[in-house]
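Protein chains: 4
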Amino acid sequence: MFFASDNSSPVAPEVLAALGHANEGYAMPYGNDAIMERVRARIRDLFEAPEAAVYLVATGTAANSLSLAIFTPPWGSVYCHRNAHIEEDECGAPEFFIGGGKLVLIDGEHARMTPEGLETAIDFTARAGVHNMQKGMLSLTNATENGTIYRPADVARLTTIAKAHGLPSHMDGARFANAIASAGCTPAEMTWKAGIDVLSFGGTKNGLMGVEAVVIFDPAKAWEFELRRKRGGHLFSKHRYLSAQMDAYLTDDLWLRLARQANAAAQRLSEGILRVPGARLVHPTEANAVFAAWPREGHRRAEAAGAAYYLWPGNQSLEGDATTPIAARLVCSWSTTDADVDHFLDLIAG
Amino acid sequence: MFFASDNSSPVAPEVLAALGHANEGYAMPYGNDAIMERVRARIRDLFEAPEAAVYLVATGTAANSLSLAIFTPPWGSVYCHRNAHIEEDECGAPEFFIGGGKLVLIDGEHARMTPEGLETAIDFTARAGVHNMQKGMLSLTNATENGTIYRPADVARLTTIAKAHGLPSHMDGARFANAIASAGCTPAEMTWKAGIDVLSFGGTKNGLMGVEAVVIFDPAKAWEFELRRKRGGHLFSKHRYLSAQMDAYLTDDLWLRLARQANAAAQRLSEGILRVPGARLVHPTEANAVFAAWPREGHRRAEAAGAAYYLWPGNQSLEGDATTPIAARLVCSWSTTDADVDHFLDLIAG
Amino acid sequence: MFFASDNSSPVAPEVLAALGHANEGYAMPYGNDAIMERVRARIRDLFEAPEAAVYLVATGTAANSLSLAIFTPPWGSVYCHRNAHIEEDECGAPEFFIGGGKLVLIDGEHARMTPEGLETAIDFTARAGVHNMQKGMLSLTNATENGTIYRPADVARLTTIAKAHGLPSHMDGARFANAIASAGCTPAEMTWKAGIDVLSFGGTKNGLMGVEAVVIFDPAKAWEFELRRKRGGHLFSKHRYLSAQMDAYLTDDLWLRLARQANAAAQRLSEGILRVPGARLVHPTEANAVFAAWPREGHRRAEAAGAAYYLWPGNQSLEGDATTPIAARLVCSWSTTDADVDHFLDLIAG
Amino acid sequence: MFFASDNSSPVAPEVLAALGHANEGYAMPYGNDAIMERVRARIRDLFEAPEAAVYLVATGTAANSLSLAIFTPPWGSVYCHRNAHIEEDECGAPEFFIGGGKLVLIDGEHARMTPEGLETAIDFTARAGVHNMQKGMLSLTNATENGTIYRPADVARLTTIAKAHGLPSHMDGARFANAIASAGCTPAEMTWKAGIDVLSFGGTKNGLMGVEAVVIFDPAKAWEFELRRKRGGHLFSKHRYLSAQMDAYLTDDLWLRLARQANAAAQRLSEGILRVPGARLVHPTEANAVFAAWPREGHRRAEAAGAAYYLWPGNQSLEGDATTPIAARLVCSWSTTDADVDHFLDLIAG
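For the protein sequence lines, the chains are A, B, C and D, in the order given.
For the first sequence, counting from 1, position 193 maps to 193 in my numbering; every step adds exactly one.
Take any residue in the second sequence, count from 1 to its spot, add 350: that is its number in my numbering.
Take any residue in the third sequence, count from 1 to its spot, add 700: that is its number in my numbering.
Take any residue in the fourth sequence, count from 1 to its spot, add 1050: that is its number in my numbering.
Simulated from the structure, these hints should not be mistaken for laboratory data.
As the structure is a computational prediction, the values presented were derived from the model and not from experiment.
Among the hints, a few may not be true.
Claimed, not checked - Calculated lysine-lysine pairs in the DSSO-like style (CA-CA distance at most 27 Å, straight line):
no.	chain 1	residue 1	chain 2	residue 2
1	D	Lys-1271	A	Lys-221
2	C	Lys-921	B	Lys-571
3	C	Lys-921	B	Lys-513
4	D	Lys-1271	D	Lys-1243
5	D	Lys-1213	A	Lys-221
6	B	Lys-513	B	Lys-543
7	B	Lys-571	B	Lys-543
8	C	Lys-893	C	Lys-921
9	A	Lys-163	A	Lys-193
10	C	Lys-893	B	Lys-571
11	D	Lys-1271	A	Lys-163
12	C	Lys-863	C	Lys-893
My request is simple: use the sequences and hints to build the entire structure.
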């Protein structure tokens, strides 16, 4: 009953096996290994983007920060949701890699920014002369920090506003697979066809050890990315072990299968919670995370049984009236089992 | 016959096995995993440094840059050898992480800086008022870029000069294990007992996939390291897989056994080359790399047979007089076999 | 009838004369001139702060950015009002000098942040582990961007919150003289006695050519300030000409007299506007700027007569119904005359 | 008898008068003043460069750092002489503004880099893959730190090497006027006709209070310069006072007349020193600085009489044998008089 985070789940067995297979003899370092050749081709196929530049790094923060840095000058504004991972969970990494920059925070329910909010924010910087931070780029998280998703039409609506101001768009896809599994669209439809210029295509939260692909749809920025990656300490000498993980991820749609399992577990959990008297969803369950509230006594039973998850927001308490609903975040991963979910549901239902 | 770099060798089987064992169930992320607890304790034991702060990152460039950044202000000078990895092979990563900084280059044969050179360089910055870059810190690479080592007394001689000016000292130990295997001293003798304040303790070139420990002997800088690591995108969520590699590395002295194998291979290679008529060493063979020159015809035969290594410097040519000695760098790793070495020696001997 | 900005007014005659007097023979460069010695002593006297470190720079952006940079690490948060000059008018200079940093924006009427807003904002970052931007420092603008002031008790209320979290406080005093003239307190009461650690003491908007003093009440950060100033290109070789301006500013309370003139002009203007039927103040007039709205026809007459000022916000139009009140910002300086004010009032009254 | 530095001399009377004239009424801030319009036109005329972007800043460090930053990426190398002001006297300002960068130091007698040295240095970085700092730009100081000059043909020889590698070229002209006065060529011949892309055109050391023009011959980088200037805190609100100084400087060739006076004084001084028995020049006297050695007893007499100048290098002593020649740097300015020079010569001749 571990719902604290998908980043605590193990590595998929196919991925571990691939590491073993990659461990034969010598391999060229720094991304010049043969497996990376295959990965590059596969990602280009998957995204229907034969020109895309494809790179691997080991953390989501690196993928996001480097992606933003190649498109945003030090005096540029990054338009993101107020709760975006790049704003709240990266200790200023975007600003570090950009060499300045300013994250302009946009509101919107369920961690989805509104087109109006984006328009207003860009207008504000667009009016600017030399005294103000300048326009920069859009960054969307998909699936969002609240377990919702942007569908391709939602993405396009926002990137269209950005492009009307000449601005590129980034997608933080730490949970991109979950968003695709939920939307039922193709990766191309969710990204470049909807106006995305660069994607952090996450693997770590979805069955890999620590690999994220950065897909740059217009390769003009490729060499700058390589320099920034190296300079940031994110170029792996024994790169084949990143390549092998991503290669396994792309084989037989493993990435999508794992995400579907995680999403299905979240759906099962979400539906089960709603059957608990007094329970409600805080955010719609559209990917692999459930944000819901249910009576405090249910939390107490779950906690006593060792279930791991976060009260959300964190300043709530299990002390107090037994029937008051308390909100929580529950994240499922590819390794969440129906048994886990059902056991948890039994506990909170009492 | 692969002598191009130790970073192209595979992962030791013990390490791969450890990754499999670590892949059970859920684990706390971001270095809060149980294996990391053990790693921390083991490194403190190994270095006889019960207070040391211990962190893992995935690349040598990250380990070095973060280590320098916690001790050097943006206006500080880093004193290093002209051929140091931090100067020649990190695309400015130290300057990026330091937020400025200046690498002050010191000469010395066989990639070992001379005490006189260090003294002069520090004096130059120490005289400075506000117009000049200020004093910063010392950085030594051990084993060096030329396959030589600093022994503890050499290290102490240099750190003593640094400390006389109030400066801390860093050791880039990407090949620390090879240096220890060669010097026959303890890790403590080579580091804090010789005046080192922070060590990049390399694993990647010596049998790991991509793990370097940073050992900070005075833990006062620990929290700043954590912030810089996160901000640099170098904090792993699924940290247990870094921990597991390092744990295996520390088990039954694997780190030292692998380094001894590599050093022994280099010694065998070095001695064999010297038996070739017209051959000579460019640098003494003290760790796992051989820098030697031998007649061009021997290079031609090796190349024709598929041997991989670099002419060093790179601007030499295999075209021309057959007997002219041409210099090369040959790097051995834990996986270099006697058969490989002997086959190579047969080829160059003709 | 120039009310566009106080930064467009001329230099006070006393200041110009002082430049002439300073222009005799040779003077030691870089702040080692004799006049700077006197300036330092005078500022320490004025602020009753015998230990304070005192430096001169030529722009308010430099004064603010350097002041913030010596107290805020690259991962630190600067708590400021949403409309602060450091947020809206410095093109990211604080982030540039800090080497990162994040400005956390706090609301509050009339450009004064509320204690509640500050408390909430600090709490948010204070909860943080390594994933979040860390606590940094407080920055207040006084007089504010809306022509209001913080009184010493207001300042103390906010710095007390900051200090409860261990945070230092900065005052952007580009219009410090106007705030003092308005509050009727001493400089010490407005600053260190109210918890301020570093002050940008502005002169440029108040009769100097381009000089701002930075007053660091605890001199422990003095040397770092000197290094950052030099490194930022803000150390003047012919420093005596900065010194001379500031020296004249401090002589016979010129700084305060000029500010009183500017404030009095604004008061006269404000009261006059309120006599216009349909007019109202947008913000209270507490220093040298008037934020008011009056019927559009009055604006049209003023514009036709060549009056210079900004509609505020800027997206309003002089086209349309003649009686609709339109808001504007009018800034007075030491050189604003009663005749100017009265002429303007005649125009808008019709 | 003040020869310590030209930055300690007073402001030319024409310049002071111009400040008075500029001090009338209101003026648009931030470089939008009418005087700046004239300055821009005059500099374009002077340099025969009708498209050039022209900006004013207040310090040479700002002029240089901003000029380098618009042409050098954070991973770029700046090729400069080992004794360049940007290397030795700016506390890392170039690296701060570039956001990294590395100064690659080139040798050459009399502070003039050799073409061979430049070629070798560029070749070294040009070979580079992603692991190394990349190519960046050339920076020449003219007149040099040793009081010598590059003639247009010398400049062209170096910029031709740079351009063969696709690199732009900067000239640090803190003493540009002295170089022009010495070379007898036009400003255009010394700059863009000889391959220079951006010039720091110094005024501060030659009779201004603190103004340097940056002349960017290809205006494509103009907007980025404006943003970096603002962000660096170097955009003056009361810009007219910078404009007025530069305007006076350009009127009736004041800049050139002042430089000729300084150069003539240095020539008189140099020739006089050579008449002292045992004296010799350390560097040729080509601009306004004299580097010469003469017997220690002459130094003692000069010092006793209050002459101000630096022993160069600084580690020499006036203690010891009376006849041993001791080297010194003597800098003349527009305000150095023949009487000063002759008095000094009398002293050292004994």
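Query raised in the report: So which of those numbered hints doesn't the model satisfy?
Result: 10
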